[in-house]
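Taking the hints into account, I'd like the entire structure generated from these sequences.
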Amino acid sequence: MELSIGVVANKIIVAIICISILIATGGVVFFYVSAAFPVGDGAPFVVGVTLSMLANIAKVIMLKKAITRVMDINSTNSAKAYFQLQYVLRMLFTAGALLLAALLPDNIVSLVGAAAGVFAHPIAMHIVRFFLPKETTVTDPAVLEPTGKGGE
Numbered sequence: 000m001e002l003s004i005g006v007v008a009n010k011i012i013v014a015i016i017c018i019s020i021l022i023a024t025g026g027v028v029f030f031y032v033s034a035a036f037p038v039g040d041g042a043p044f045v046v047g048v049t050l051s052m053l054a055n056i057a058k059v060i061m062l063k064k065a066i067t068r069v070m071d072i073n074s075t076n077s078a079k080a081y082f083q084l085q086y087v088l089r090m091l092f093t094a095g096a097l098l099l100a101a102l103l104p105d106n107i108v109s110l111v112g113a114a115a116g117v118f119a120h121p122i123a124m125h126i127v128r129f130f131l132p133k134e135t136t137v138t139d140p141a142v143l144e145p146t147g148k149g150g151e
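For the sequence shown, numbering that gives the first Met the number 0 assigns the number 0 to the initial residue and increments by one for each residue that follows.
One or more of the hints may lead you astray.
To be verified - Dumping the calculated DSS-like pairs for lysine-lysine here, alpha-carbon to alpha-carbon at most 27 Å: (1) K63 <-> K133; (2) K64 <-> K79; (3) K10 <-> K79; (4) K63 <-> K79; (5) K64 <-> K133; (6) K10 <-> K133; (7) K10 <-> K63; (8) K10 <-> K64.
Derived by calculation from the structure, the hints in this document are not laboratory data.
This is the structure:
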């Protein structure tokens, strides 16, 4: 069975959304259960998770486009340099989401929510990789690597 990069990327995006919803729901339940204690409101946590979710989705889209572009580049050195630049840009998306959450007031965005939402991307990569059939081949296997040069 052969899948295109776009199909795998779409599965990763759906997994990121589902995991982010689970994280946000868990945070809201935590804040509801601990309402007797002054831990705060659940809304900033949800906003932080949503911010990280949007950054994760942008990273997956950038990864898909980078892989497609690298496959068209003839020079190995140029392809490697382009992919490394894209890797740094994807990391800057994560840093930007966390920095924005840190700089905004706590009653708007929770840094803890943003940090929790960052973990949705690697978890989604592992889930998609786990549920793909063993005989599945992707146009470029780097999209399935949960760590290292192919993913985050």
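Evaluated hints:
1. With a C-alpha separation of about 21 Å, the suggested pairing of K63 with K133 holds against the 27 Å cut-off.
2. For the hint linking K64 to K79, the alpha-carbon distance of about 14 Å falls within 27 Å, and the restraint holds.
3. Our distance criterion of 27 Å between C-alpha atoms is met by K10 and K79, whose separation comes to about 26 Å.
4. With a C-alpha separation of about 15 Å, the suggested pairing of K63 with K79 holds against the 27 Å cut-off.
5. Taking the CA atoms of K64 and K133, the gap is about 25 Å. The hint holds against a cut of 27 Å.
6. Using a Cα cut-off of 27 Å, the hinted pair K10 and K133 holds, with the two alpha carbons roughly 16 Å apart.
7. In summary, the hint linking K10 to K63 is supported, as the alpha carbons are separated by about 12 Å, within the 27 Å threshold.
8. Restraint check for K10 and K64: satisfied, since their Cα atoms lie roughly 15 Å apart, inside the 27 Å limit.
Violation of the numbered hints given earlier is absent; every hint is satisfied by the structure.
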